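For the sequence shown, position 187 (counting from the first letter as 1) is numbered 187 according to the numbering used here, and the numbering increases by one without interruption.
Treat each hint with caution, since some may be false.
So the derived label-pair ranges between C-beta atoms look like this [unchecked claim]: (1) 56 - 181: 17 to 27 angstroms; (2) 168 - 81: 18 to 28 angstroms; (3) 66 - 134: 37 to 47 angstroms; (4) 171 - 220: 16 to 26 angstroms; (5) 56 - 153: 34 to 44 angstroms; (6) 112 - 31: 21 to 31 angstroms; (7) 5 - 125: 25 to 35 angstroms; (8) 66 - 133: 37 to 47 angstroms; (9) 42 - 67: 14 to 24 angstroms; (10) 175 - 24: 21 to 31 angstroms; (11) 79 - 36: 20 to 30 angstroms; (12) 50 - 96: 36 to 46 angstroms; (13) 118 - 48: 21 to 31 angstroms.
Hints are computed from structural coordinates only; laboratory data are not their basis.
Note that the coordinates shown come from a computational prediction; the quantities given were computed from them, not determined experimentally.
A virtual CB, placed ideally from N, CA and C, is assigned to each residue, including glycine.
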Amino acid sequence: GGFEHAWERGVRRFELDVQLAADEQLVVLHDARVNRTTGRSGAVDAFTSRELGAMDARRGAPPWPRREGVPTLEAVMRAFPRTESWQLEVKKPARAERLRITLEALYELVTRLRLGPRVIVTSSNTAVLDIARQVAPRLARGYVCTKMDPLPIAEEFGCRMVVANLFTCTPRLRLGAWRRRIELSAWTVNDPISIRNLYRMRAHSIITDYPSMALPLVGQLGGGRAA
1 GGFEHAWERG
11 VRRFELDVQL
21 AADEQLVVLH
31 DARVNRTTGR
41 SGAVDAFTSR
51 ELGAMDARRG
61 APPWPRREGV
71 PTLEAVMRAF
81 PRTESWQLEV
91 KKPARAERLR
101 ITLEALYELV
111 TRLRLGPRVI
121 VTSSNTAVLD
131 IARQVAPRLA
141 RGYVCTKMDP
151 LPIAEEFGCR
161 MVVANLFTCT
171 PRLRLGAWRR
181 RIELSAWTVN
191 DPISIRNLYR
201 MRAHSIITDY
211 PSMALPLVGQ
221 LGGGRAA
């Protein structure tokens with residue numbers, strides 16, 4: 001439902017969080033546990049993708065007219081085949097042995113759907129970036145960070161993008177990224193003033209919870225991308 005809402009308002013680039021369910025299917029959910037959004041209790045990887053899909057995931061969010069479960073990544077990607085860019089933040093599983101399985105499943109799905117050039121795998125965890133480089137070297141990588149100087153780590157793991165907390169997005173970071181040919185994406189940008197500042201700074205993209213506000217504003221400023 002949320003993806004449909006964004007698509008109808010002109011969003012063509014999505015950022016989302018990916019985790020592995022108990023049946024080794026990839027699902028789209030931010031939290032490591034289902035408690036906050038479903039009213040159920042337990043870790044995401046304690047449930048199969050079918051069980052997660054049957055939950056009512058509207059809890060803790062603005063009112064939504066119809067029941068929505070936790071979707072699989074494949075279902076979302078198939079529903080929006082004309083999406084220009086998929087920025088996929090991979091959450092590190094609680095069990096380390098499932099990390100490689102997660103990234104192998106992601107690479108298999110992206111390859112099968114022929115979406116490789118439109119996908120970037122991001123994470124705040126360097127172990128995820130390291131395994132992604134091994135398992136899916138052809139997929140672009142991005143480092144999600146709150147550090148003031150994330151560029152050395154981004155370079156170390158061959159990242160094409162730095163996904164920086166809004167409050168660390170400075171002209172100095174933008175210049176350093178430009179010199180290294182690394183894209184700068186900012187999160188989470190929910191106010192017009194910050195959007196204007198980032199546009200003037202020439203950030204490559206922003207992540208926002210309010211695309212219906214951000215897209216028209218970016219359009220007025222002269223173009224750009226909102227994820």
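Here is how each hint holds up against the structure:
Separation of residue 56 from residue 181 is about 44 angstroms and departs from the stated range, judged on CB atoms against 17 to 27 angstroms. The beta-carbon spacing between residue 168 and residue 81, approximately 34 angstroms, falls outside the hinted interval of 18 to 28 angstroms. With their beta carbons about 41 angstroms apart, residue 66 and residue 134 fall inside the hinted range of 37 to 47 angstroms. Under the hint 16 to 26 angstroms, the C-beta atoms of residue 171 and residue 220, about 22 angstroms apart, fit the expected range.
Judged by the Cβ atoms, the range 34 to 44 angstroms given for residue 56 and residue 153 holds: they are separated by roughly 39 angstroms. Between residue 112 and residue 31 the CB atoms are about 27 angstroms apart, so this pair conforms to the stated range of 21 to 31 angstroms. Distance hint check: the CB atoms of residue 5 and residue 125 are about 30 angstroms apart, consistent with the given range 25 to 35 angstroms. Checked against the hint of 37 to 47 angstroms, the pair residue 66 and residue 133 passes, with Cβ atoms roughly 40 angstroms apart.
Distance hint check for residue 42 and residue 67: the Cβ-Cβ separation is about 19 angstroms, which falls inside the suggested range of 14 to 24 angstroms. With their beta carbons about 42 angstroms apart, residue 175 and residue 24 fall outside the hinted range of 21 to 31 angstroms. For residue 79 and residue 36, the Cβ-Cβ distance of about 24 angstroms falls inside the hinted range of 20 to 30 angstroms, so the restraint holds. At about 25 angstroms, the beta-carbon gap between residue 50 and residue 96 misses the expected band of 36 to 46 angstroms.
Between residue 118 and residue 48 the CB atoms are about 28 angstroms apart, so this pair conforms to the stated range of 21 to 31 angstroms.
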